[in-house]
Every structure is written in structure tokens, then in C-alpha cells.
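Residue numbers (the working numbering), protein chains in the order written: chain A, 1 to 304; chain B, 1 to 284; chain C, 1 to 257.
None of these hints come from the bench; they were simulated from the model.
There could be a bad hint or two in this list.
To be verified - A few chain C residues facing chain A, derived, Cβ under 7 angstroms: (1) Leu67; (2) Thr68; (3) Ser72; (4) Lys84; (5) Lys88; (6) Leu121; (7) Ser245.
Unchecked claim - Straight-line Cα separation of at most 27 angstroms, DSS-like style, residue types lysine-lysine; simulated pairs: (8) A:Lys212 with C:Lys226; (9) C:Lys133 with C:Lys88; (10) A:Lys212 with C:Lys88; (11) A:Lys23 with C:Lys143; (12) C:Lys226 with C:Lys241; (13) C:Lys226 with B:Lys264; (14) B:Lys98 with C:Lys226; (15) C:Lys143 with A:Lys212; (16) C:Lys88 with C:Lys143; (17) C:Lys169 with C:Lys133; (18) B:Lys264 with B:Lys197; (19) B:Lys239 with B:Lys98; (20) A:Lys23 with C:Lys92; (21) A:Lys212 with C:Lys92; (22) B:Lys264 with C:Lys169; (23) C:Lys88 with B:Lys264; (24) B:Lys98 with B:Lys77; (25) A:Lys212 with C:Lys241.
Claimed, not checked - Among the chain C residues that face chain A by a calculated CB cut under 8 angstroms, a handful are: (26) Phe98; (27) Asp100; (28) Ala103; (29) Lys143; (30) His201; (31) Tyr248.
A quick note: this is a predicted structure, and the numbers were derived from the prediction, not measured.
Even glycine gets a Cβ: it sits at the ideal position worked out from N, Cα and C.
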Amino acid sequence: MVDIQTWRAWLLTDTPTSRRHAKLSTLYQGWLSFRGNTMAMVGLWILTLLVLTAFAAPLLAPHDPFAQDLANRLQPLWSDGHAFGTDSLGRDILSRLIYGSRITLYIVALVALIAPISGLLVGTVAGYVGGWTDQVLMRITDIFLAFPRLVLALAFVAALGAGIENAVLAISLTAWPPYARIARAETLTIRSSDYISAIQLQGAGAMRIITKHIWPLCISSLIVRVTLDMAGIILAAAGLGFLGLGAQPPSPEWGAMISEGRRFILDHWWVATMPGMAIFTVSLAFNLLGDGLRDVLDPKDSEK
Amino acid sequence: MTLLDVENLWVKFPSRQGVFDAVRGVSFTLGRERLGIVGESGSGKSMTGRAILRLIRPPGIVTADQISLEGDDLMLKSERQMRDVRGQRISMVMQDPKFSLNPVMTIGQQIIEAYRLHNKARKSEAYAKSLEMLEAVSIRDPERVMRAYPHEMSGGMGQRIMIAMMLIPNPEILIADEPTSALDVSVQRQVLSIIDKLVTDRGMGLIFISHDLNLVADFCDRVLIMYSGRIVEVCDADKLHDAQHPYTRGLLNSLPRLDAPCDKLQVLSRDPAWSEAPSVSARL
Amino acid sequence: MVRSPKCECAPVSMLNVDNLSVWFGNGRDRVDAVRNASFNVNRGASFGLVGESGSGKSTILRAVMGLTPNWSGAISVDTKPVDKTRQKSFYKVVQMVFQDPYASLHPRHSVDQVLGETLYLHGFRDIDARVVKLLDDVGLGGKFRFRYPHQLSGGQRQRVAIARALAPKPSILLLDEPTSALDVSVQAEILNLLTDLRTEHGLTYIMVSHDLSVVGHMCEQLAVMKDGEIVEIMEVETLRKAQASHPYSQELLAASI
Chain A
1 MVDIQTWRAW LLTDTPTSRR HAKLSTLYQG WLSFRGNTMA MVGLWILTLL VLTAFAAPLL
61 APHDPFAQDL ANRLQPLWSD GHAFGTDSLG RDILSRLIYG SRITLYIVAL VALIAPISGL
121 LVGTVAGYVG GWTDQVLMRI TDIFLAFPRL VLALAFVAAL GAGIENAVLA ISLTAWPPYA
181 RIARAETLTI RSSDYISAIQ LQGAGAMRII TKHIWPLCIS SLIVRVTLDM AGIILAAAGL
241 GFLGLGAQPP SPEWGAMISE GRRFILDHWW VATMPGMAIF TVSLAFNLLG DGLRDVLDPK
301 DSEK
Chain B
1 MTLLDVENLW VKFPSRQGVF DAVRGVSFTL GRERLGIVGE SGSGKSMTGR AILRLIRPPG
61 IVTADQISLE GDDLMLKSER QMRDVRGQRI SMVMQDPKFS LNPVMTIGQQ IIEAYRLHNK
121 ARKSEAYAKS LEMLEAVSIR DPERVMRAYP HEMSGGMGQR IMIAMMLIPN PEILIADEPT
181 SALDVSVQRQ VLSIIDKLVT DRGMGLIFIS HDLNLVADFC DRVLIMYSGR IVEVCDADKL
241 HDAQHPYTRG LLNSLPRLDA PCDKLQVLSR DPAWSEAPSV SARL
Chain C
1 MVRSPKCECA PVSMLNVDNL SVWFGNGRDR VDAVRNASFN VNRGASFGLV GESGSGKSTI
61 LRAVMGLTPN WSGAISVDTK PVDKTRQKSF YKVVQMVFQD PYASLHPRHS VDQVLGETLY
121 LHGFRDIDAR VVKLLDDVGL GGKFRFRYPH QLSGGQRQRV AIARALAPKP SILLLDEPTS
181 ALDVSVQAEI LNLLTDLRTE HGLTYIMVSH DLSVVGHMCE QLAVMKDGEI VEIMEVETLR
241 KAQASHPYSQ ELLAASI
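I would like the entire structure built from these sequences, with the hints used as guidance.
Spelled out as C-alpha cells, the structure:
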């Protein structure tokens, strides 16, 4: 107990003694205020569970997700050995959901890496450099923004060919413009602040100012935005899957599973509903997490 | 004659590190006079002003034995009843008019609204009253100003308009929280003399919150000096320069003076005992 | 009053501003912030610029530092004319302290990062030792080294900003209302610190303020500005005796006593 107390005191100190100490202390205080937000913690728990499920899928899944058993097709909920029933080919829905979490996570992780980073790059450069660069970059952004996301993604997938990688690429290509807009808006306010003038007066170049001074301030609001958009991204991926342009059968992608189950929705509702519930839960979790992160990370609030 | 009687006022903010007391046991009375509250940032002077109007937002907590406005205890009023007190009986002018005026409404609309909120009056009557009020705060060409938007006004004009807006419902008490610190020195005097004239003419009580000792000494009748949430000294404004408390003395001495050049300014050394000592009562 | 450090040689011009005009916008939107301002500051002297908000006093400092794109006239530092685009060597000689210490420090950078990066950009290599030395110089000490701005008071932040300006060992410090955002007792500490630093490092100050008594305390000479123009340049002694000649200076003086 004494140890934990001294650790807490060490982490909550106002007088950190080294770089590492200062970093850890800031992180810990952020964590404390995040922990105070119950809904955000719920979101975090659901997502942790999702990650664990994805990692331990072979251990958790009661059946092989691809094993067909036509004798046992369209079993209802809680039937023998199939807690969530079976689909039209007699595959265990629960196992497919568990393996499907891997695909969802894969899509989410890739999009979350590609879209905000390209958006951040375009937005901060446009905002900081200004002039013609700004005009050109922002008009390109506007062109991308002008198309509805799913329509543009459809066009990309149609051009690139169906498949999960292309779906990710298509979604990323349609997801970055809003990030570029946010990053540019933030950069415009940051650019004229005194601390940027101050570092310019030390002879710092544009590259250094953008990466070391502007990025750290933009990233927090982007992270918040990404977590809030995650729900949309999962739904877009599911939408592509539903239209047969994302993951291809027999891959247990949640959207594709809904698409398959659609045919039986009136007589065998659970086949489409179970993957729908999974998408709903994960989207909700990301939304809750995003709200909580906004309270912790948004510099506008934390400065008060 | 006592307008406002504040007894043992506390403002607390619970935080992760424990409860932070912004105001600690402050007591004072206000008659038809100009009462100054001075102190540095974080001394609790603004919090005191806000607490009287019960404008402290949760998680902040206000407690007091009483805050009585002519025998009417504000602490016992519901939020709904408080709304009738704010603006109608006690008004407040804040530091920066830029943040207190609505940028998308004309000044005329805002003043008329302020008047009609508390008085059942026809539009034309409210308009006439507003014009009269703008004239009272020495605004030239009030008809033009009524049609203007806040961003078209200079800082000094904005602050005078704020004063007009706050005084139009004819309150008994005006709380002015650093009303001139966002303004240039030459405009400062002008705004102050307007406040002074209106307050004296209408027989109002004024609580003037400021960090500027000289300004308060010139402008007020009585001064409370606050330090870390407590009143450390009460004195008549004209005797402020003979103040006894080491904190007040330190503040006065740390100001550079044109008439008395020196190599080094005196630096205030803070005694922890100041914040421990009980608050001095300023009730008459 | 602070005398400039003793110097056997004849006074040498450290900063000369000749016929400086600064404007924002172009064509019909053009706003002239400063018109034909000229003044000279000798080595080791302290020069004040006073005026009300919008009089262009801060704009002069920003123009000297190269923070405003549109200006005409001539600026020379240490008798060498300044180019339109500032060289890195310029920033080794001239540095600036900003008005609001709450806005001039990066909210996500610790004191150590702020000073370390500045030293690195100026090509110093023994950064650790120098950061400690700088913090000592401005009276903060090592325990503040790893704090973030939100863990510092206004006065402490301004000390960090001063340390940053001192990092490249400049000869000229431009002070843009360095104490107007601070409490009076903290103002006294910062002004004393600036006085000490000036004698220790032989600095030349150009100080902008709306407060005549602060300029009177810190400077030997001052210029009064109104609507973008310098209306009067006078010795502080003249100011003390209330012998300002221009009516506007007299008005300012009357308002601040």
C-alpha cells in the first residue's frame, strides 16, 4: 500500500525531476481525468474486449467459422452448440463473429492510420504555407469532400477490384478530407500565435515548426475526431461488404454477413441481426471513447 | 442604510487534490457607497462578486450565513427567483465588453431587450428609454449607435454601452468587475466618471473590483483588500496610502513611480501567516 | 533610475530605425500601422515606446523582428543594415519577449523542451548545462526544468520566456509589454530581473508599454506614439519633470499620474 501511495505522489507531483518523469506524470493525470468519465470507460472496456477477442479468436471460437453443415442450417438462437444459431450454410454465427472481429480491427486500424495522417499532412502544410499551396491543396480536398463517401468508395473499389484491401484504401481515400479541413483550421489559429512567432525568431524552418510545434496540437483533436468517425468507417466497410464490394465470401466480415442474412430476415432474423448488433456495439464503443478523449485531449478545455 | 449584507461567504471548488477554497469567510456590508475590492489575481475578488449573484457554476459551491439584499436573503432564493434579482436589482459589468455583447445583434436590440426583460413596456417606449440611457453614458449620436453592431464600437464605447445596458433596469446595486482594465488610460477616466455620476445620481451601491490600488484609492469610498480568499484589511479609500497590513504596503511599494525614481523596485515577500489569519470583517 | 553600463568609447548605435513604415493589406484594404518612424538606440541604452492600443508601438518591434511582411524604410543593427529576409545570425543578436506569457509558450512543451530546442537551433551543443544556467539566470532554478506551462504562474512563465530570449546570447532585447499581463508585485520582480540582466549581460533594451511609470523606471529615453506616428522623443528626465512638449504626451502624462 505504501508503495502505491508513493507512486501516486510521484506521478502527481508538481515538480517533475526528469523528462521521463514529466511525461509519465502528464500521462497519468490525463488517465485520471479519463477514468472519471464512466461512459468513456465503458467504451474503452468494449474495445479492449474486441482486441482480446481478435487475438484469441482460435481459442474462443467454439467452431470453425468456415465449416459448412448444411444439415444444421439456419438454427435458431441458443440451439445445441450454436449460441447465436447458424447461417444459411450451417456455419456457426458466434464463431464467425469472433473471427470477423479480426477483419473489423484490421480495417479500423488501417483506415485510422492512413486517413488522419494524410489529412494532417495536407491540412497543416496548406494552413502554414498559405498562398497558392493552400489554394491548390484545399481545392483538391473540396473535390473529394463533394462526393458522398460511399459513392466515392464504390467508384474506387469498382476501379481497383473488390477485396478487403481495396475497401480499406477506398475508405481511407474518402475519409481524409475532413481531417485536412480540421488540421488546416487549427493550423491557421496556431500559426498566428505568439509561441510560433517565438520559435520563428529562433530561426526554425517551416518543416520543424509544422512537425514539432503544430502537429502536437492538431493531433489531439484529430484523435478525437478519428474515434468519433470510427463508427462511420466500420459502417462504410460493412456497407461495402453488404454490397459485395468489400470482403469476399466466405470471409466472415460483419457487413458481408448481414448481406447474406438479409435474404432470411423475416423467418430467420438472427442471421442478420447478430452481426448488426456487433457493428452497433463497436461503433457505440468508439463514440463513447471519442467523447471521453475529447474531454482529456482537447487543448481548448484542458487549458482552463 | 445597508443595501447588502454579506456574512461569512465561502466559495469552494472540489478538485482531485482536495477542496480548493477560492473565498474564505468574507463578510462585508454595502450601503449607498462605492466599495472597492482590490487584490491580485487569484485573491478571490471576482469570485466574491459572482458569488453574490450566485453565478458560480457547479462543481463550485457557495455557502454563506447570509447574503441579504435589503433584508431579503439571496441564499434562500430559488434559481428562478434569482433571475429576477440579476439585472433587475443587482447588475454586473464585466472586464471585456467584447465578450459580454452579442455580436450578431445590434446594440439597440440588446438594450431594448434588457429593458423589456424587466419592464412591461411598448417598443417605442423602450426605444426612447434606451436612447436616453445611451445619452447618459455620453455617447454621441445615440441613434446611429443603436443601429450599429458591437464590432463597430471601440473598447471604450463598448464598455459604456455595457454600463448603459446594465443600468437601464434601474438596479439598486452595480457590481463592476475590472470594468476599465481592458481600456486605454485616457478612456479609463472617462468611463469611471460616467459610472461615478450614474451611481451617485441614482443613489445606488457600487462594488468596484480591481487590481489597481491607485485607481480604487481615487475612485471609491471604502476599500477591502483581499489576499488568498480572505479580507486582510479594510480602510477608507483616502487613507489607503497609510494602510497598515504588510501585504497592502508591499503592493503599494512595488509600483514604479514617475516622481520617485529608484534603482530597484521593492519586492513583496509573502508571509504564509497572511493566508492563515481569519478574514477581517467589513460589516458596519 | 538605471544608468547604462559605463563605456569608455563614444556611444555606438545599436539599433537604428529610419523612416520605417509598416502596413497591412493592399490596395483599398491597406491599413498603415506605422508611418515614417525614426529613432536610434545606442549600445547599452534602454529605449521606451509608449502609446495607447493601436498606436503601432508593438508593430515597430514586430517589423524589426521580421514578423510583418510589408514594411519600408531602413533598419540597421549594430550599424549593419538588415536584409528583407532575416538571416539566422540576426536572431543571435536581436531577441524578443512577448506581451502575454500565457500565449508565448507552447502549451505542450515543457520548459526543458522550450529552452533545449532554442539552444539546439542556435547551434549550441552543451545543451543540458546551458538550460540549467539559463534557468538560474532568470531566478527559476532546476526544479522548474521539467514543468509544463500550465504548472507555472504568470510570472514564472514570463521568466521562461525571458530565458528563451536570452538563450542565443543576444545584445538587443525587444520587450513587448513584458509585464502588462502580470500582477503588480510580480511586475516588480520581473522588472528587477530585467534590470539585473541588463547590467550583467550588457544588453540594449527597446521596451514597449502603455504604462508611463514602467517606462520611466526602465528607460532613459522614450518615444511617444499616436496613430502610427512618433509624435515626440524625449529623455525620461523631461518626463519626470512633466515637461513634455507635445500636447498628446502631456495628455498621457496627466492620465497616468
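Evaluation of the provided hints:
1. Leu67: Holds: closest Cβ of chain A sits about 6 angstroms from C:Leu67, inside 7 angstroms.
2. Thr68: Since the shortest Cβ distance to chain A is 11 angstroms, the answer is violated.
3. Ser72: violated (21 angstroms)
4. Lys84: violated (15 angstroms)
5. Lys88: With a minimum Cβ separation of about 4 angstroms from chain A (threshold 7 angstroms), the hint on C:Lys88 holds.
6. Leu121: holds (5 angstroms)
7. Ser245: violated (35 angstroms)
8. A:Lys212 with C:Lys226: violated (39 angstroms)
9. C:Lys133 with C:Lys88: holds (23 angstroms)
10. A:Lys212 with C:Lys88: Status holds; Cα separation ~19 angstroms.
11. A:Lys23 with C:Lys143: holds (15 angstroms)
12. C:Lys226 with C:Lys241: Given pair C:Lys226, C:Lys241 holds - Cα atoms ~21 angstroms apart, limit 27 angstroms.
13. C:Lys226 with B:Lys264: violated (30 angstroms)
14. B:Lys98 with C:Lys226: With Cα atoms ~23 angstroms apart, B:Lys98 and C:Lys226 stay inside 27 angstroms; holds.
15. C:Lys143 with A:Lys212: The given pair, whose Cα atoms are some 25 angstroms apart, holds under the 27 angstroms limit.
16. C:Lys88 with C:Lys143: Violated, because 31 angstroms separates the two Cα atoms, which is more than 27 angstroms.
17. C:Lys169 with C:Lys133: The given pair, whose Cα atoms are some 12 angstroms apart, holds under the 27 angstroms limit.
18. B:Lys264 with B:Lys197: Not OK: B:Lys264 and B:Lys197 at ~39 angstroms, beyond 27 angstroms, violated.
19. B:Lys239 with B:Lys98: violated (35 angstroms)
20. A:Lys23 with C:Lys92: Violated - the C-alpha atoms of C:Lys92 and A:Lys23 are around 31 angstroms apart, more than 27 angstroms.
21. A:Lys212 with C:Lys92: Holds. A:Lys212 to C:Lys92 sits at ~22 angstroms (cutoff 27 angstroms).
22. B:Lys264 with C:Lys169: Cα-Cα ~24 angstroms, so holds.
23. C:Lys88 with B:Lys264: With Cα atoms ~35 angstroms apart, C:Lys88 and B:Lys264 exceed 27 angstroms; violated.
24. B:Lys98 with B:Lys77: Distance ~31 angstroms between B:Lys98 and B:Lys77 Cα, so the pair is violated.
25. A:Lys212 with C:Lys241: It is violated: about 51 angstroms lies between the C-alpha atoms, which goes past 27 angstroms.
26. Phe98: OK, holds: C:Phe98 within 8 angstroms of chain A, min 4 angstroms.
27. Asp100: Interface hint status for C:Asp100: holds (7 angstroms vs cutoff 8 angstroms).
28. Ala103: holds (4 angstroms)
29. Lys143: Because about 5 angstroms separates C:Lys143 from the closest Cβ in chain A, which is inside the 8 angstroms limit, the hint holds.
30. His201: violated (18 angstroms)
31. Tyr248: For C:Tyr248, the interface hint is violated, since the closest Cβ of chain A sits about 29 angstroms away, which is over 8 angstroms.
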